[in-house]
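Colleague: Next come the chains, spelled out residue by residue.
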Amino acid sequence: MIHIEDMSKIYRMGKVEVRALDGVSIDIAEGEFVAITGPSGSGKSTFMHLLGCLDTPTSGTYMLNGGEISKLKQDKLAEIRNREIGFVFQEFNLLPRMTAAENVELPLIYRGMPASERRKRCAEALERVGLADRINHKPIEMSGGQQQRVAIARAIVGQPNIILADEPTGNLDSHSAHEIMDMLKEFNEAGRTVILITHDMSIANEAKRIVHILDGKILRDEVVA
Amino acid sequence: MNLLQLIKLALRGIIDNKMRSFLTMLGIIIGVSSVIALVSFASGATSQVTSQLEGMGSNILNVNLMGRGTKSDFTYQEAMNLKNPYISAIAPTVNTGMTVKFMAKTYSTGITGTNPDYFTINDREMQSGRSITEADLDSRARVAVLGTETAKELGMLNPVGETIKLEGNNFTIIGLLASKGSSMMGSQDDMVIVPITTAQRLFRTGAIRSITVQASSEGSVESAKALLEAELKHITGDEDSFNVFDQTELLDTVRQSTSVMTMMLGGIAGISLLVGGIGIMNIMLVTVTERTREIGIRKAIGAKKKDILTQFLIESSVLSGLGGVIGIGVGFALSKILSSVANFPTKTTPLTVGISFGFALLVGIVFGIYPANRAAKLNPIDALHYE
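Protein chains in written order, with the working numbering: chain R, 21 to 245; chain X, 39 to 425.
Honestly, I wouldn't trust all of these hints.
To be verified - Computed list of lysine-lysine pairs in DSS-like fashion (alpha-carbon distance at most 30 Å, straight line):
id	chain 1	residue 1	chain 2	residue 2
1	X	Lys263	X	Lys218
2	X	Lys263	R	Lys158
3	R	Lys91	X	Lys342
4	R	Lys158	X	Lys415
5	R	Lys93	X	Lys343
6	R	Lys140	X	Lys109
7	X	Lys109	R	Lys91
8	X	Lys344	R	Lys96
9	X	Lys263	X	Lys109
As the list claims (entries may be wrong) - Computed beta-carbon distance windows for the label pairs:
id	chain 1	residue 1	chain 2	residue 2	range
10	X	Lys46	R	Asp202	47 to 57 Å
11	X	Lys344	R	Lys91	50 to 60 Å
12	X	Leu389	R	Lys140	47 to 57 Å
If you are wondering where the hints come from, they were derived from the structure by calculation, not from laboratory data. Ideal placement from N, C-alpha and C gives every residue a C-beta, glycine not left out.
The task is simple: from the sequences and hints, build the whole structure.
Modeller: What follows is the structure, given as structure tokens:
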């Protein structure tokens, strides 16, 4: 489903060139559970941005579902993010002024879905993360674990093929972290592709495949389990 | 995202930041309300003045002698000889200020000497008693007609039949004018009218320099004026020694100057609307910076440039629109206050309200474009990592 060939990302800081990602090639098939790990500064964040279509590579190929996306314009990328990828961030990234339901609804709104269908899907998604009773709560009225579950509901509501989780447990206590990991596993078992970015090896070990990144290059790519 | 949701979202943002939103809207509120109040005031004044002028009759001509040249003034008979076939009434007048005495009370006012036509031309009716007749003129009768205000100032309850003193001469009051209110020429109820022949003796001058003429119809004003001018030129031999003035000319002048005044007042108030727009732009730039992260999140989950652009444009338009609505309310209240202070009705037209509200909305949109565009162009990654 994902085919990346010789992808590089170069940032220019004044006269210095920083190769954040240096000729990475990888294939990820549908239904995989991949953890991408590496120390900070290794380039895993840049890799995550490129995988998530939040940014475009300086060079190389990125085929998603058979389509080349590395040369697409911002608005086209937004459309792909909306349909193909569900994001889960370390800082939850919920909109503070909106209720859980409104937050979850947002991707569907940008997709232009009619309100009745939106509401139905949104309730289903919140139900799946066990927050059916928190529909009208705002983020500040919820615990960190609950907020992250809302974020997961938002990621899955549009039924994307890929869930991209960037340190999803980084801000959570171990109990909540477990809950979140269980959920991600559950989605993977339901056939979704899950890509997990983390520096925490105990979390990475929950995945079926671990990709180690160092200095912008893939150091090791191993299948666990 | 549909429009209704965006408006709701914007309204929620405004309510969340009550103080800031109010201060931002204040510029628009002041702008819209001052446009409405000032333009209402000006157009009220315009219609007041024009209706007064029209009330004076559009078929009236005023002849003034400038007191230049060989023939600088007329006798009564000479003035009356100016009558031509297009003229239905002619009233030469002499005016002076004098002190009127009644019993122990004295009061200074204008004394007008004229003939019976004066009452027809100026549309003056009697509240009681009679007006001046030709017989009064022939006999130089010491009779006077009073305005209601003059009578009041002199403390008269039933003026008709009473005697007043003008420079030591007794005058019998034969009539009281019906009240006509004040015009831009001053009160029309504060006057003493006496037969012109009597006035000429009282004032110790026979010279007449002011004649009011009524054309037989509105259509004959032009002809009456032309004939008068020809005759006057013939008599005085100098075009510049007299002046024939008709009301339509005056009306046009007044209309022109008041419409300039209306436009100027509207323009000045419009500038404050523009300043309000700058306030909106300022706060929208702050909002965009504050909400960089929100913009990043929205973009990450699929918002396009257009979505972000409309969101912020709607926000600035809702700000200015809401300010406009409040401004309309304040404007109405202000024009009511102005109306009671100025003592005439102000005129608030739907056009004024519509234009000022439309302009406010436009200002919101125009000044919202730059901040909204800035938000829409943000890079999703930079926005997401903004602290």
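Colleague: Now look at each hint and say whether the structure bears it out.
Modeller: Outcome of the hint check:
no.: 1; hint: X:Lys263 <-> X:Lys218; result: holds (27 Å)
no.: 2; hint: X:Lys263 <-> R:Lys158; result: violated (83 Å)
no.: 3; hint: R:Lys91 <-> X:Lys342; result: holds (17 Å)
no.: 4; hint: R:Lys158 <-> X:Lys415; result: holds (28 Å)
no.: 5; hint: R:Lys93 <-> X:Lys343; result: holds (11 Å)
no.: 6; hint: R:Lys140 <-> X:Lys109; result: violated (100 Å)
no.: 7; hint: X:Lys109 <-> R:Lys91; result: violated (97 Å)
no.: 8; hint: X:Lys344 <-> R:Lys96; result: holds (12 Å)
no.: 9; hint: X:Lys263 <-> X:Lys109; result: holds (20 Å)
no.: 10; hint: X:Lys46 <-> R:Asp202: 47 to 57 Å; result: violated (36 Å)
no.: 11; hint: X:Lys344 <-> R:Lys91: 50 to 60 Å; result: violated (21 Å)
no.: 12; hint: X:Leu389 <-> R:Lys140: 47 to 57 Å; result: holds (48 Å)
Consistency with the previously given hints fails for numbers 2, 6, 7, 10 and 11, ordered from lowest to highest.
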